[in-house]
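Peer 1: What follows is the residue order along each chain.
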Amino acid sequence: MAVTPAPAPPTSAARTSTPPPPQRRSFRDLRGKLDVKLSPYLYISPFFIVFAVVGLFPLAYTAFVSVHEWHLIGGQGEFVGLGNFIDVIQQPTFATALRNTFSIFLLSSVPQVIAAIIIAAVLDANLRARTFWRMGVLLPYVVMPVAAALIFSRLFADDAGLVNTLLGGIGIDPIRWHADVIPSHVAIATMVNFRWTGYNALIFLAAMQAIPRDLYEAAVLDGASRVRQFLSITVPMLRPTIIFVVITSTIGGLQIFDEPRMFDQFGRGGSDKQWMTVTLFLYDLGWGAQKSFGRAAAVAWLLFLIIVVIGLLNFALTRRIASAGTALETKKRRRPGARSNGGAR
Amino acid sequence: MSVSVPMIRQTAGPAAARAAGRKRGIGGPNRRPGWVSYTLLGLVIALSFYPIYYSFLLASSDSATIAQNPVPSLIPGPHFFDNIGRVVGADIKFWEAVGNSVIVSVVTAASVVFFSTLAGFAFARLHFRGRRQLLVFIIATMAVPAQLGVVPLFIVMSKLEWTGKLIGVIVPGMVTAFGVFWMTQYLESALPHELIEAARVDGCSMMQTFWHVAAPAARPAAAMLALFTFVSSWTNFFWPFIVLGSSNPTLPVALQLLQASYFKDYALIMAGVVIATVPLLVLFVVAGRHLVSGIMQGAVKG
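So the sequence lines, in the order shown, correspond to chains A and B. Residue 237 in this note's numbering sits at position 237 of the first sequence; the count goes up by one each step and never skips. Residue 1198 in this note's numbering sits at position 198 of the second sequence; the count goes up by one each step and never skips.
No wet-lab data here; the hints were simulated from the structure. Watch out, some of these pointers could steer you wrong.
Each computed EDC-like pair below joins lysine to aspartate or glutamate, with the alpha-carbon atoms no more than 16 angstroms apart [what the hints assert, rightly or not]:
| hint | chain 1 | residue 1 | chain 2 | residue 2 |
| --- | --- | --- | --- | --- |
| 1 | B | LYS1264 | A | ASP264 |
| 2 | A | LYS291 | A | ASP87 |
| 3 | B | LYS1264 | A | ASP159 |
| 4 | A | LYS291 | A | GLU69 |
| 5 | B | LYS1264 | A | ASP158 |
| 6 | B | LYS1264 | B | ASP1062 |
| 7 | A | LYS273 | A | ASP180 |
| 8 | B | LYS1165 | B | GLU1096 |
Let the sequences and hints guide you as you build the complete structure.
Peer 2: Here it is, written out as structure tokens:
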């Protein structure tokens, strides 16, 4: 620690001039130095310890478990190489689970992102009681997925459900929301959309408010309609946010568990596995009838790889769309520049 | 050539500018929305609210009424407290589940806030080798689907004999990458270097500096982090379901048990749903605006 040698008043000069015992001083220096050097590492260490124990180690150890016979209660058995992987991939349930997971994921993410952007665009205005509307769209966020699943599985009951009754009112035959494949996916995706659309709308709203307003003014001068402004300015400018939302919802969406688990009282993905997802399959292998941790771990690794691949694909794809958007955007941006030189303001 | 709205405002006043804005359909905060916007938002809010209210309607009804009316009357029935009583009296430890959820959520939120603020302070204001790289590493871990490590994590928990115990849920959630990132972001903008230097010159140790300077400055962001952590830990199902089992459930796990044993009794199940949802609804009424601004700030920075 640096002590600035300030000109001391004469009375205290006598006291301070006697140097402190050299040993104590160096000890304090050392302690101070250690404090400065080590404290930062000490402060960030909790994260790394927790992550190592509950994140990194389990993921790595999953690989080890996946190449062994491993029973929930019996523990580690023989080394079986890729046996578990082969076994799992050959189970028809795996393919079904993969199909269901992707189907539910698409049905929840695509409409959700579109709806969220539209809601955000409506919120991005000089509304009366602005906070009320914003809080209103966020309300479902505090409903736990398990509760939402219980509510919606009742709303989407196959007979005498509210949704089917309403559909009957407009002359549509009852849909078998639990018994059929795609309808069950729609019902489960609705639970996800219920909880997250408003949340994502607020993220998009924040991003929209960061868009420079003169872009819109310039577009108006060019005679762009409101829809045109939305498509040519708002959406391209939201690009990084869209990437962010899509990637986070991919990581979460492909691991979906709560909603399909609670869609009926058995939690095994339906009588024909019509809404069995990969994580549900993982649970069923490990803690269900088979109690095979080896196979569950193999599924975990397969899903991990799928998420990584989809994540990279996503990134490449959105970048591609993004760069198309950039071209549009720079074109737009150049125009207001030219205009403002003309002194419209 | 037409004139811009700000120009109209200067020459003819804000009312004229608004009128012009409306006519030309300018986007953004100056736009006074029409009835279409309000209708749309009203619809969205109705769709957000109705399922929650629906659970209350069923929870205040009885099985016969529910079976007869797929679309329940908008006026609640008279059996709400009967049903709540039946949930609490069911052979699922529902009361304990409420207590467990409170303990887990409060402890997790407090722990995440403390450790994230500490780490955020170090990343935002202290100098040490590898600071950048370590922070990037932490942000990168947010993309790791850690849920997929459940199998070994469960093995570890069994070895520690933490299965069926709350500590098995609390410890894995003690500190999050998001929390560290969030607090770092906030402290970088909210904590002046000078304040820390002043504390150091006054002879504060690092820990004292944290406690007296950084922690007070971090308070607004810490409160938001506490809120979000509380909500996510209250609603968390997958891991508690695996590690706790039926012996010592949190609320989501108790709801699953309720559904498994009483799946025909919708009034009972929905009463359970109401018990599990009301605490967060109260929190939402009290602190919802902070949740809104938390999401919006996180979005701009993230």
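Peer 1: Would you pick out the hints that fail for this structure and give their numbers low to high?
Peer 2: Checked against the structure, no hint fails, so every one of them is satisfied.
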